[in-house]
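Build out the structure end to end from the sequences listed, making use of the hints.
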Amino acid sequence: MTEAVHKETHGFQTEVKQLLNLMAHSLYSHKEVFLRELISNASDAADKLRFKALSDASLFEDDGQLRVRLHIDKDKRTLTISDNGIGMSRDEAIEHLGTIAQSGTRQFFSHLSGDQAKDSQLIGQFGVGFYSAFIVADKVTVVSRAAGQSADRGVCWESDGTGSFTVEDVHKAGRGTDVILHLKEGEDEYLDDWQLRSVIGKYSDHISVPVELWKEGEPAQGEGENAIPATEGHWEQVNRATALWTRSPKEITDEEYQEFYKHLSHDFENPVAWSHNRVEGTQEYTSLLYVPTKAPWDMWNREQKHGLKLYVQRVFIMDDAEQFMPTYLRFVKGVLDSNDLPLNVSREILQDNKVTAQLRKACTKRVLGMLAKLAKDDADKYQLFWNEFGNVLKEGPAEDYGHKEEIAKLLRFASTHNDSDVQNVSLEQYVSRMKEKQEKIYYIVADSYAAAKNSPHLELLRKKGVEVLLMWDRVDEWLLSHLSDFDGKQLISVTRGDLALGELEDEESRKQHEEAQKEFASLVERLQSALGDKVKKVTISHRLTETPSCVVTDAYGMSTQMMKLMQAAGQPVPAQKFILEVNPQHALVQRMAAVQDEQTFAQWAELLLEQAQLTEQGGLNDPASFVARLNRLLLTPI
1 MTEAVHKETH GFQTEVKQLL NLMAHSLYSH KEVFLRELIS NASDAADKLR FKALSDASLF
61 EDDGQLRVRL HIDKDKRTLT ISDNGIGMSR DEAIEHLGTI AQSGTRQFFS HLSGDQAKDS
121 QLIGQFGVGF YSAFIVADKV TVVSRAAGQS ADRGVCWESD GTGSFTVEDV HKAGRGTDVI
181 LHLKEGEDEY LDDWQLRSVI GKYSDHISVP VELWKEGEPA QGEGENAIPA TEGHWEQVNR
241 ATALWTRSPK EITDEEYQEF YKHLSHDFEN PVAWSHNRVE GTQEYTSLLY VPTKAPWDMW
301 NREQKHGLKL YVQRVFIMDD AEQFMPTYLR FVKGVLDSND LPLNVSREIL QDNKVTAQLR
361 KACTKRVLGM LAKLAKDDAD KYQLFWNEFG NVLKEGPAED YGHKEEIAKL LRFASTHNDS
421 DVQNVSLEQY VSRMKEKQEK IYYIVADSYA AAKNSPHLEL LRKKGVEVLL MWDRVDEWLL
481 SHLSDFDGKQ LISVTRGDLA LGELEDEESR KQHEEAQKEF ASLVERLQSA LGDKVKKVTI
541 SHRLTETPSC VVTDAYGMST QMMKLMQAAG QPVPAQKFIL EVNPQHALVQ RMAAVQDEQT
601 FAQWAELLLE QAQLTEQGGL NDPASFVARL NRLLLTPI
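Quick note on full-length UniProt numbering: the sequence shown kicks off at 1 and runs consecutively.
None of these hints come from the bench; they were simulated from the model. As the structure is a computational prediction, the values presented were derived from the model and not from experiment.
Here are the simulated DSS-like pairs of lysine-lysine, each with C-alpha atoms no more than 27 Å apart in a straight line:
| id | residue 1 | residue 2 |
| --- | --- | --- |
| 1 | 564 | 404 |
| 2 | 464 | 518 |
| 3 | 435 | 463 |
| 4 | 409 | 365 |
| 5 | 202 | 48 |
| 6 | 309 | 365 |
| 7 | 354 | 404 |
| 8 | 489 | 437 |
| 9 | 139 | 31 |
| 10 | 139 | 184 |
| 11 | 294 | 31 |
| 12 | 215 | 202 |
DEER-style ranges, computed between Cβ atoms:
| id | residue 1 | residue 2 | range |
| --- | --- | --- | --- |
| 13 | 10 | 62 | 30 to 36 Å |
| 14 | 153 | 254 | 42 to 48 Å |
| 15 | 447 | 514 | 31 to 37 Å |
| 16 | 585 | 369 | 49 to 55 Å |
| 17 | 447 | 247 | 49 to 55 Å |
The beta-carbon is built from N, C-alpha and C at its ideal position, and this holds for glycine as well.
See below:
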């Protein structure tokens, strides 16, 4: 390295300063995670070079043996991690090492728990892995040159992890990056050859490029004919350097699968399940798919990149190949290695490729099968999965009609069968508990668990002992608009005006309802006249037993929850009128019916409607008028 020129000092982005302070002073558990992150970064740099060299072999610069090397200098107290991968230009060093995505940093800090062991494992998950170097180093020097650039276009980035960093032009003969850690006092274990071997074996055995350690030569020993000559120092490979997915599943331990997942995803917890599969024949590919235990912080950002790490004939092609996994399975991590795609494949080519569609279908089926097996073999573990990813899976029936039945079997809901808001009832369980003459699956979608559980729409079904599925997640109404039946049984909302109980409704109940309609026909007429076009119609309810009134939609009307969903999405919502159902047996309705003054009766009619709307919708357009009307009626003598 020759004398540096064009040296500049830059201030760190505010978020980086916070992060560096945390690295230097707080994250003291599991310190060795820094080595995992730096070796992983070096491996990624090698993968990127291999991919770019497909179209420009000159980038290899007559050095096609990609590798990661670690070198210890005990006198200088430095540990150097080097790679001969893609390298960085001066601008890239400033961009990649001086700033990080603000949203990712904010999320990183929000996920800190105060548990040092857990917090240290979060580092890589949020794209801040490089800065873990400052856990053990009080100064970090990065010397890099981008592949294809001349030797005098190298860059040296350096910082002590406080407020700023320097960047200067240097001469660097070979492409790639050297990360030089100037170790803090007390971090001598990372100057120990055997300690490094142990950490590499634990975290990086599966890295597909060789990870090498410099082994010092031995001095000559003895004299004369029994003398042992001196040996030269050499690089010694420490890891297996065989892509894990290319090995036979029979020879891979659970621990190896788990460590590979952590390398792949930068997650700090073990996956909840995985599936390793090799297919030969008309199509040849290998897939290794993982289901995480915890949801990633950006799962609800549908624009965020997701997908599998794609290899073609063991050559890395791209991260986040979303074409092989539907959006409702965007939480799945893994590797897909295909022999049937061209090495120069791009995202655009993948989009319209017939092989892509076949691989996507196969990977989707594999994940759904993995989840079905988990649900069958370990209900408690599946419940943990559902609590994290259930709402994403609910997007499935709308997105993937071909797998609708398999997805439906994986869904879980709360129900009136249980006394808690835990979503642990499957549609299969519901069907197995249906009443003898029950023909339909009943459900309700509300704003909250409490609103669903206490809805007046459930009164008749509760009286008859009919189970109702309770839903309150925003996605539920969207789900039910695409999941109309299961196992040959129609799913019916209990908020529909045409609630049909079929054989569950005995002849006596049917007769009583018909008689009530005749007996209170005049009341219905008065209410209809008083409310006018504020309602679609008024009818005598057969579903209410304890509540004076409720509003329902007809068979083709838009439900309250669908209206709210459209409003939240900024979509225009068509004007809608509800059907008002009244319970003539309720004391409040009977008192109202006895009112002779039509003006006062109209006030009661509006109050009855607004009460029902408040229960169904969770709010009113004009709450002040409702309160004023209620107060007037409370003060009106009976």
